[in-house]
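Residue numbers (my numbering), protein chains in the order written: chain A, 40 to 261; chain B, 40 to 261.
Calculated directly from the structure, the hints in this document are not laboratory data.
From the three backbone atoms N, C-alpha and C, an ideal C-beta is built for every residue, glycine too.
Treat the hints loosely; a few may be bogus.
[Claimed, not checked] Here are the in silico distance ranges between beta carbons for each label pair: (1) B:Gly169 / A:Ser42: 43 to 49 angstroms; (2) B:Lys186 / A:Asp189: 30 to 36 angstroms; (3) A:Thr231 / B:Lys223: 24 to 30 angstroms; (4) A:Arg199 / B:Ala71: 29 to 35 angstroms.
Number of protein chains: 2
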Amino acid sequence: MASVTVYGPPMSTAVCRVLACLFEKEVDFKLARVDMAKGEHKSPDYLKLQPFGQVPAFQDELTTIFESRAICRYICDKYAERGNKTLMGNKEGGFVARAAIEQWLEAEGQSFNPPSSALVFQLAFAPLMGLKQDPAAVEQNEAKLAKVLDVYDKRLGESRYLAGDEFSLADLSHLPNSHILVNKTEKGQLLTSRKNVGRWWEEVSARPSWKKVVEMQRALPA
Amino acid sequence: MASVTVYGPPMSTAVCRVLACLFEKEVDFKLARVDMAKGEHKSPDYLKLQPFGQVPAFQDELTTIFESRAICRYICDKYAERGNKTLMGNKEGGFVARAAIEQWLEAEGQSFNPPSSALVFQLAFAPLMGLKQDPAAVEQNEAKLAKVLDVYDKRLGESRYLAGDEFSLADLSHLPNSHILVNKTEKGQLLTSRKNVGRWWEEVSARPSWKKVVEMQRALPA
Numbered sequence: 040m041a042s043v044t045v046y047g048p049p050m051s052t053a054v055c056r057v058l059a060c061l062f063e064k065e066v067d068f069k070l071a072r073v074d075m076a077k078g079e080h081k082s083p084d085y086l087k088l089q090p091f092g093q094v095p096a097f098q099d100e101l102t103t104i105f106e107s108r109a110i111c112r113y114i115c116d117k118y119a120e121r122g123n124k125t126l127m128g129n130k131e132g133g134f135v136a137r138a139a140i141e142q143w144l145e146a147e148g149q150s151f152n153p154p155s156s157a158l159v160f161q162l163a164f165a166p167l168m169g170l171k172q173d174p175a176a177v178e179q180n181e182a183k184l185a186k187v188l189d190v191y192d193k194r195l196g197e198s199r200y201l202a203g204d205e206f207s208l209a210d211l212s213h214l215p216n217s218h219i220l221v222n223k224t225e226k227g228q229l230l231t232s233r234k235n236v237g238r239w240w241e242e243v244s245a246r247p248s249w250k251k252v253v254e255m256q257r258a259l260p261a
Numbered sequence: 040m041a042s043v044t045v046y047g048p049p050m051s052t053a054v055c056r057v058l059a060c061l062f063e064k065e066v067d068f069k070l071a072r073v074d075m076a077k078g079e080h081k082s083p084d085y086l087k088l089q090p091f092g093q094v095p096a097f098q099d100e101l102t103t104i105f106e107s108r109a110i111c112r113y114i115c116d117k118y119a120e121r122g123n124k125t126l127m128g129n130k131e132g133g134f135v136a137r138a139a140i141e142q143w144l145e146a147e148g149q150s151f152n153p154p155s156s157a158l159v160f161q162l163a164f165a166p167l168m169g170l171k172q173d174p175a176a177v178e179q180n181e182a183k184l185a186k187v188l189d190v191y192d193k194r195l196g197e198s199r200y201l202a203g204d205e206f207s208l209a210d211l212s213h214l215p216n217s218h219i220l221v222n223k224t225e226k227g228q229l230l231t232s233r234k235n236v237g238r239w240w241e242e243v244s245a246r247p248s249w250k251k252v253v254e255m256q257r258a259l260p261a
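Using the sequences and the hints given, assemble the complete structure.
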């Protein structure tokens with residue numbers, strides 16, 4: 040039986056980040072439904088797992104962790120010898136290889152995520168929720184994301200993946216928002232029109248781990 | 040001679056995060072001036088160190104790293120046996136102790152930093168730069184930060200520090216923005232009026248490492 044439980048819907052980009060990591064590491068897990076429409080993410084029991092009332096929460100035997108990128112790091116550390124063994128660097132590369140991944144994982148969290156999340160919300164989620172789009176927010180965040188992706192395009196012209204020759208957690212962490220931008224909005228060309236980012240996106244989105252996440256989203260849309 | 044160089048002004052909150060970490064770990068370093076008024080952070084040579092043209096950049100012998108939180112993790116990993124040996128957990132605590140720190144370090148980066156940085160910019164930096172404040176942005180980000188700090192206040196009622204009984208990188212990472220909010224704006228009561236956050240702030244801001252950073256800011260204001 041799986042010792043790992045992920046709490047939250049596969050529609051959530053932060054939940055998807057953790058699921059993709061578990062598939063890469065070949066770690067069995069079960070997915071626990073959190074009915075956000077019913078406010079289950081704000082219930083006292085759930086807040087013990089995730090004090091901010093956000094998804095995902097994560098449990099592995101007696102260990103509970105929140106924040107998707109922290110959960111992914113834990114999965115890579117605990118299950119170092121399983122599945123993809125270079126997702127967070129490896130022993131030979133040591134802390135220098137890990138730092139190369141960390142800097143691009145932080146670039147995702149600090150530079151890529153804010154404008155891409157804003158676009159995902161405005162262009163994909165707001166219409167589903169019956170909310171009005173904010174054209175100024177779309178324009179502003181599109182411009183911000185374009186500048187970030189110009190830096191990525193240069194980097195990915197020098198290197199197959201963000202942190203070097205191997206696919207890593209840094210690449211993986213970009214998949215959830217990128218997938219929605221490319222497949223559920225009209226702004227996918229922000230990625231696909233850039234030569235090197237487009238090549239990288241084709242490659243990283245074709246990974247079996249990510250295809251399994253997309254399949255889970257189809258099977259469990261809510 | 041120090042093998043470590045930090046590029047950027049001590050006035051930058053992200054630079055301060057790295058300096059505080061170096062002082063905690065008792066790692067010698069030199070500070071290299073980046074004249075942002077002259078655009079040196081956008082020069083081709085600087086962009087080789089920091090492709091987004093932001094501060095800080097960081098160099099340790101042949102290793103270069105960007106993103107302040109990634110740099111701090113590297114310092115903790117490479118200099119594990121120096122200075123504060125529990126800043127990122129330790130061998131006994133293993134990946135579970137590290138995950139407890141990582142989740143609050145990510146909470147800082149994802150939940151605390153966006154609204155606190157916006158307030159720091161609006162209330163402290165915009166006036167210095169002769170820019171007009173945006174009262175709507177102040178109000179919105181104050182409300183966001185208040186909600187985040189309510190969660191922190193509950194956590195810090197159960198635990199001396201964010202990740203447990205020991206001061207860690209998770210606490211340290213909050214110092215730069217908190218220092219400005221408390222000392223350079225009228226919104227310091229967001230922290231100081233909350234019983235447990237206020238107690239924690241008194242304790243973490245009194246650390247000798249942080250006092251050295253504040254001293255560097257006074258000595259090198261630009």
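Results for each hint:
1. B:Gly169 / A:Ser42: 43 to 49 angstroms: For serine 42 of chain A against glycine 169 of chain B, whose Cβ atoms are near 57 angstroms apart, the range 43 to 49 angstroms is violated.
2. B:Lys186 / A:Asp189: 30 to 36 angstroms: The hint (30 to 36 angstroms, Cβ to Cβ) holds, given that lysine 186 of chain B and aspartate 189 of chain A are roughly 34 angstroms apart.
3. A:Thr231 / B:Lys223: 24 to 30 angstroms: 44 angstroms, violated
4. A:Arg199 / B:Ala71: 29 to 35 angstroms: 31 angstroms, holds
Hints 1 and 3, counting from the list given before, are not met by this structure.
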